[in-house]
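> Spelled out from the first residue to the last, the chains are:
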Amino acid sequence: METTDADRHLDGNAAGGMLAEVFRFEATTVIVTCAGCGAAGPMAELLLYGHGMGQILRCAGCDTAVVRVARVRDRHWLDLRGARSLQIGGGQ
Amino acid sequence: MGATETVGGGQAGRLAWRLAEVIEIRDETPRVRTLRIGVPGWRGHKAGQHVDVRLTAEDGYQAQRSYSIASAPESPWIELAIERLDDGEVSPYLAGEVRPGDTLELRGPIGGYFTWTVDDGGPLLLVAGGSGVAPLMAMVRHREAAKRAIPTTVLFSSRSAGEIIFRDELDRLAAVDPSLRTVHTLTRNQPEGWTGFRRRIDAAMLAEVAGPPHPGEGLLAFVCGPTRLVENVATDLLALGHRADRVKTERFGPTGT
Numbered sequence: 001m002e003t004t005d006a007d008r009h010l011d012g013n014a015a016g017g018m019l020a021e022v023f024r025f026e027a028t029t030v031i032v033t034c035a036g037c038g039a040a041g042p043m044a045e046l047l048l049y050g051h052g053m054g055q056i057l058r059c060a061g062c063d064t065a066v067v068r069v070a071r072v073r074d075r076h077w078l079d080l081r082g083a084r085s086l087q088i089g090g091g092q
Numbered sequence: 001m002g003a004t005e006t007v008g009g010g011q012a013g014r015l016a017w018r019l020a021e022v023i024e025i026r027d028e029t030p031r032v033r034t035l036r037i038g039v040p041g042w043r044g045h046k047a048g049q050h051v052d053v054r055l056t057a058e059d060g061y062q063a064q065r066s067y068s069i070a071s072a073p074e075s076p077w078i079e080l081a082i083e084r085l086d087d088g089e090v091s092p093y094l095a096g097e098v099r100p101g102d103t104l105e106l107r108g109p110i111g112g113y114f115t116w117t118v119d120d121g122g123p124l125l126l127v128a129g130g131s132g133v134a135p136l137m138a139m140v141r142h143r144e145a146a147k148r149a150i151p152t153t154v155l156f157s158s159r160s161a162g163e164i165i166f167r168d169e170l171d172r173l174a175a176v177d178p179s180l181r182t183v184h185t186l187t188r189n190q191p192e193g194w195t196g197f198r199r200r201i202d203a204a205m206l207a208e209v210a211g212p213p214h215p216g217e218g219l220l221a222f223v224c225g226p227t228r229l230v231e232n233v234a235t236d237l238l239a240l241g242h243r244a245d246r247v248k249t250e251r252f253g254p255t256g257t
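Sequences listed follow chains A and B, in order.
Using the working numbering, read the first sequence as starting at 1 and increasing by one per residue.
Using the working numbering, read the second sequence as starting at 1 and increasing by one per residue.
Please keep in mind that the hints were generated in silico from the structure rather than gathered at the bench.
It should be emphasised that the depicted structure is a prediction, and the values quoted were computed from it without experimental measurement.
Using N, Cα and C, we set each Cβ at its ideal position, and we do this for glycine too.
Misleading hints may appear alongside valid ones.
Pairwise CB distance ranges (calculated) [said to hold, decoys possible]:
1) B:Glu-169 <-> A:Tyr-49: 31 to 41 Å
2) A:Gly-50 <-> B:Lys-147: 36 to 46 Å
3) A:Arg-75 <-> B:Thr-56: 34 to 44 Å
4) B:Ala-57 <-> A:Arg-75: 38 to 48 Å
5) A:Ala-40 <-> B:Ala-239: 42 to 52 Å
6) B:Pro-92 <-> A:Met-53: 33 to 43 Å
7) A:Ala-70 <-> B:Tyr-61: 13 to 23 Å
8) A:Arg-81 <-> B:Gln-190: 17 to 27 Å
9) B:Asp-87 <-> A:Ile-88: 17 to 27 Å
10) B:Pro-178 <-> A:Arg-75: 30 to 40 Å
11) B:Gly-241 <-> A:Ile-88: 23 to 33 Å
12) B:Gly-216 <-> A:Arg-81: 19 to 29 Å
13) A:Val-72 <-> B:Thr-56: 11 to 21 Å
14) A:Arg-75 <-> B:Gln-190: 51 to 61 Å
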């Protein structure tokens with residue numbers, strides 16, 4: 001398979017490590033509703049941008065930055081303005 | 001950097017970076033090799049989970065990547081299948097320079113979405129592109145270790161015959177297990193006499209391999225590979241009538257985070 005830049009996205013699965021630094025529950029199975037387009041799906045299926053120190057999870061449909069996490073030394077910054085809601089638990 | 005740095009709050013124990021030792025290295029294909037790694041205090045994983053691996057340069061610069069665990073949860077060690085990416089920061093070391101006895105920093109297991117245990121049942125459809133086969137191989141190996149004849153089809157897209165990762169093991173398992181089927185497609189080069197598919201995975205191929213939606217809950221699909229393959233396959237499976245909540249995806253993104 002040819003690999004192009006468009007192929008080079010990880011997703012919310014790979015963000016699991018950093019998300020687990022912030023959330024005390026399994027975050028990748030949380031159902032997130034995008035504030036941009038209203039699409040709802042597991043956090044694992046958002047597209048991941050960024051590196052180890054800061055990560056942005058974007059809606060695959062409309063590109064809205066749904067979840068932003070950055071780590072500066074022992075402090076985390078979490079920006080959820082792109083998420084209309086999180087559905088946590090429920091047998092996930 | 002210490003081996004036991006902890007980050008975050010309540011789950012610091014699970015998330016602790018730990019020093020792990022490379023036990024054995026096996027070449028799988030010219031570009032992919034398996035690292036068998038011993039992790040002191042490892043409490044097991046679920047098939048489909050990954051670990052974060054962190055390398056620290058002498059000047060303190062750190063690079064971190066996620067690698068799916070390819071070994072069965074039943075194994076006392078973990079195995080990672082590392083694909084060498086020529087422009088990578090981490091993979092040239094892990095796929096080239098690292099030697100048995102070397103140590104790595106890693107944390108995990110990580111992930112609760114793209115996971116499967118035999119108790120989740122099937123029938124299973126595992127769709128892989130290239131090194132995206134790694135977490136799916138953990139599922140195949142788990143299924144074999146647990147000796148559960150859950151109907152399973154592996155649909156595996158590779159560029160050429162020489163680049164089929166785990167080919168011998170998949171063929172060997174399928175030869176003795178009538179409930180396991182492996183279907184290959186080769187997208188770039190096919191050897192003489194190749195009777196398998198010779199194109200990218202498409203809706204027609206999925207319909208032929210997976211069949212119509214099963215009654216009841218239907219098949220449980222795990223799709224892992226490059227972004228475009230994953231999104232095309234997921235879209236096609238839904239269009240064929242398979243349930244969205246039974247199609248799980250993971251984009252492996254060759255460049256890593």
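> Now look at each hint and say whether the structure bears it out.
Structure-based check of all given hints:
{"no.": "1", "hint": "B:Glu-169 <-> A:Tyr-49: 31 to 41 Å", "in the structure": "holds, 35 Å"}
{"no.": "2", "hint": "A:Gly-50 <-> B:Lys-147: 36 to 46 Å", "in the structure": "holds, 42 Å"}
{"no.": "3", "hint": "A:Arg-75 <-> B:Thr-56: 34 to 44 Å", "in the structure": "violated, 21 Å"}
{"no.": "4", "hint": "B:Ala-57 <-> A:Arg-75: 38 to 48 Å", "in the structure": "violated, 24 Å"}
{"no.": "5", "hint": "A:Ala-40 <-> B:Ala-239: 42 to 52 Å", "in the structure": "violated, 20 Å"}
{"no.": "6", "hint": "B:Pro-92 <-> A:Met-53: 33 to 43 Å", "in the structure": "violated, 21 Å"}
{"no.": "7", "hint": "A:Ala-70 <-> B:Tyr-61: 13 to 23 Å", "in the structure": "holds, 18 Å"}
{"no.": "8", "hint": "A:Arg-81 <-> B:Gln-190: 17 to 27 Å", "in the structure": "violated, 50 Å"}
{"no.": "9", "hint": "B:Asp-87 <-> A:Ile-88: 17 to 27 Å", "in the structure": "violated, 38 Å"}
{"no.": "10", "hint": "B:Pro-178 <-> A:Arg-75: 30 to 40 Å", "in the structure": "violated, 55 Å"}
{"no.": "11", "hint": "B:Gly-241 <-> A:Ile-88: 23 to 33 Å", "in the structure": "holds, 30 Å"}
{"no.": "12", "hint": "B:Gly-216 <-> A:Arg-81: 19 to 29 Å", "in the structure": "violated, 41 Å"}
{"no.": "13", "hint": "A:Val-72 <-> B:Thr-56: 11 to 21 Å", "in the structure": "holds, 18 Å"}
{"no.": "14", "hint": "A:Arg-75 <-> B:Gln-190: 51 to 61 Å", "in the structure": "holds, 54 Å"}
Of the hints listed earlier, those the structure fails to meet are numbers 3, 4, 5, 6, 8, 9, 10, 12, in rising order.
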